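Add chain B to chain A, keeping to what the hints say.
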Amino acid sequence: MAAVADYISKAGENAVELKAQARAESLKLASLTLPGLLIIAVIVLVPIAWLFWLSFRSGDAFTFEHYERLLHPSYLSSLQTTFELSFLVTGLCIVLGYPVAYLMTQVRERMAALLMMFVLFPVWTSLLVRCYAWLVLLQRRGIVNNWLLDVGLIDAPLRLMHNFTGTTIGMVHIMLPFMVLPLYASMRAISRDYMKAAANLGASPVQAFWQIFVPLSLPGLAAGIIIVFVLCLGFYVTPALLGGGRVMMWSMQIERNVTYYSDWGAASALGVVLLVMTLAVLWLVGRVIGFDKMLGAK
Amino acid sequence: MGQISLPITIRNVTKAYGGFRALDNVSLDVASGEFLTLLGPSGSGKTTLLNVLAGFIRPDSGKVLFGENDITLTPPHKRDIGMVFQNYALFPHMTVAGNLAYPLKLRRVSRAEIEERVRRALDIVQLSGFEDRHVDQLSGGQKQRVALARAIIFEPRVVLMDEPLSALDKKLREHMQIEVRHLHQRLGMTTVYVTHDQREALTMSDRIAVIDKGRFRQIDKPRDIYERPRSRFIAEFIGESYFLPVTVSGTEAVFGGQKLRLAETPFSTSPSQFLVIRPEKLKIVTTGEDTSGLNLFRGRVKELVYQGETLLISVELPGGEEIGVRQPTSSAAPPPPEAGAEVVVGLAFDDTIIVPDEN
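Just so you know, the protein sequences line up as chains A and B, in that order.
Sequential numbering from 0 applies to the first sequence in numbering that gives the first Met the number 0.
Sequential numbering from 0 applies to the second sequence in numbering that gives the first Met the number 0.
Chain A with its partners taken away, still in its complex shape (with noise of 0.2 Å):
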């Protein structure tokens, strides 16, 4: 009984050491996030902090003369031009995305990594000379209106660039890999034993795919239609070349007002009502869908 009584004075030896311990692991590892925590505010929050800022300046004094002016019809024009194309280039890389990452989850395993090339082949290129690679192909005596124009598909030359749609393809192009590698990331992750299951319980291959691999496939869905859309809701560069001026996108006129007018306080006030909308489409899309399963959470 005297060993019993030893034991019981001595509980809660060292508690204190071990969780000392516990503490300054964690604290290491906390340091190790420390320069990408800080960088982040610095070259992130600080300007967007500036933007919003100078938003709401003219001169010395408060205004909402920038934002009043967003309501000129040339801006609504562009807001409608931007949204129109994001939808439109999401939506074509949905329908053009989902056969792909749904093929490269069906077939062996090699023949996924040639596939994963092929959509990861252009990522590695530079978008500039994508773009220029398009303004080629699309020309009005380019590859594409001659190879119509030789199978006798078409009689004169179609108008492929510096308009919406050559502006659309360019995007889809650019776009389609943040569409497929979500989707098949979350393609991957279905066990085939669900397939088999529904079989098993009576489902059809088609009634299968649509009501089991369609539904549990929506996470991937989701986070590539949120890259996407939030992508094109910003972008510049091959809206402004494949567009040839004809395009106006919200950034577009970002751009235009700082390069052209020098005006900083209406290019932050766009700024500031891009960024909106953008987290405006990301709220959305969580209420929707769940924000755990939009952040991958499962």
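Treat the hints with care, since some could be wrong.
Cβ-to-Cβ under 8 Å is the rule here; a few derived chain A residues that face chain B [said to hold, decoys possible]:
hint, residue
1, 72
2, 73
3, 76
4, 190
5, 192
6, 193
7, 195
8, 196
9, 198
10, 199
11, 200
12, 201
13, 202
14, 205
15, 215
Simulated from the structure, these hints should not be mistaken for lab results.
Note that the coordinates shown come from a computational prediction; the quantities given were computed from them, not determined experimentally.
We put the CB at the ideal spot given by N, CA and C, even for glycine.
Okay, now just chain B, sitting in the frame of chain A:
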């Protein structure tokens, strides 16, 4: 939920992957309403055969019949088989009721009847009131029951189970074994059950088909598989065994110059075979005890290992062979010998089984 069950006929089914024969000309009859277990080590072909029955794997040749119907070429969704998967494969985007209703919806069962049948199925697996739970809110055992309910709710005539209990912990697994067994007795559907757990197979089955390297090694009732193994492989795979080499000529078997009385005449004519020693069938004979009806072996106690419900006594025979004797740890059991003691071990004639090395 009375169900009309169907017999299954498997004829000459072969499936090869490259040079590897997962199923090598396999034939089997499962009687209507029978609970048959496919038992084998991993890679033996048991899961392949189950997948052939479900229609997920196309055999290279052979034939599968449910009743009179040749279903070899029928796609899986038209086979009308219930299946319980190893990881349950419950649809995570549906509730419990949604999972159970799914096969019924596909069969265009009316809404009212679906509701009624979901209720009854949950009642059968003792999960009443769980309709609206999400799958990830269920414990392993509950998922198991939902999977079971989903496999039987559309009253299939054949149910397949692919190691359905392997993910559960030991206590729950043993409990579910009995429950699945009761469910089968109640509903009477022809069931093919796959497991690598020999105790599970012994507990649950009407018959066990032991499969290895794509071939059946023995198909028998649990008691016969255990008590009357037909080969060293079976005796080794099922239960704990020690093997002593014996020389067989005609109906006689001799071990170390000692003639053995056998339970039955050896079915193999091979001259060199093995005596199967199951440790729990052996007993240490005390002096003055009646030893009629026992084959006796002399030996020396090498080691005693306490294992809870039994004591494992290692005995070294004069020829250097080692055998194990299991003795209950009950205080009513005779006191165990000490290490180093000379002992006599008895094996009843009825338990003296000779097996050939191979089938």
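Verification of the supplied hints:
Among the interface hints, the one on residue 72 of chain A is violated; its C-beta lies about 45 Å from the nearest C-beta in chain B, farther than the 8 Å criterion. Using the Cβ-Cβ criterion of 8 Å, the hint placing residue 73 of chain A at the interface with chain B is not satisfied: the shortest such distance is roughly 46 Å. Residue-level restraint check for residue 76 of chain A is violated (minimum Cβ-Cβ distance to chain B is 41 Å; threshold 8 Å). Interface hint status for residue 190 of chain A: upheld, as the beta-carbon distance to the closest one in chain B is roughly 7 Å, under 8 Å.
Contact between residue 192 of chain A and chain B, as hinted, is supported at the beta carbon level, the nearest pair being about 4 Å apart and thus within 8 Å. At its closest, the beta carbon of residue 193 of chain A sits 6 Å from a beta carbon of chain B; the interface hint therefore holds under the 8 Å criterion. Restraint check, residue 195 of chain A versus chain B: the minimum CB separation of about 6 Å is within 8 Å; hint holds. Interface hint status for residue 196 of chain A: upheld, as the beta-carbon distance to the closest one in chain B is roughly 4 Å, under 8 Å.
Checking residue 198 of chain A against chain B by beta carbon gives a least distance of about 4 Å; that is within 8 Å, so the hint holds. About 5 Å separates the beta-carbon of residue 199 of chain A from the nearest beta-carbon of chain B, less than 8 Å, and the hint is met. Look at residue 200 of chain A: its Cβ gets to within about 4 Å of chain B, closer than 8 Å, so that hint holds up. Of the supplied interface hints, the one on residue 201 of chain A holds, with its beta-carbon coming within about 4 Å of a beta-carbon of chain B, less than 8 Å.
Using the Cβ-Cβ criterion of 8 Å, the hint placing residue 202 of chain A at the interface with chain B is satisfied: the shortest such distance is roughly 6 Å. Given hint, residue 205 of chain A at the interface with chain B, is violated; its Cβ is 10 Å from that chain's nearest Cβ, farther than 8 Å. The criterion of a C-beta within 8 Å of any C-beta in chain B is met by residue 215 of chain A, whose closest approach is roughly 6 Å, and the hint holds.
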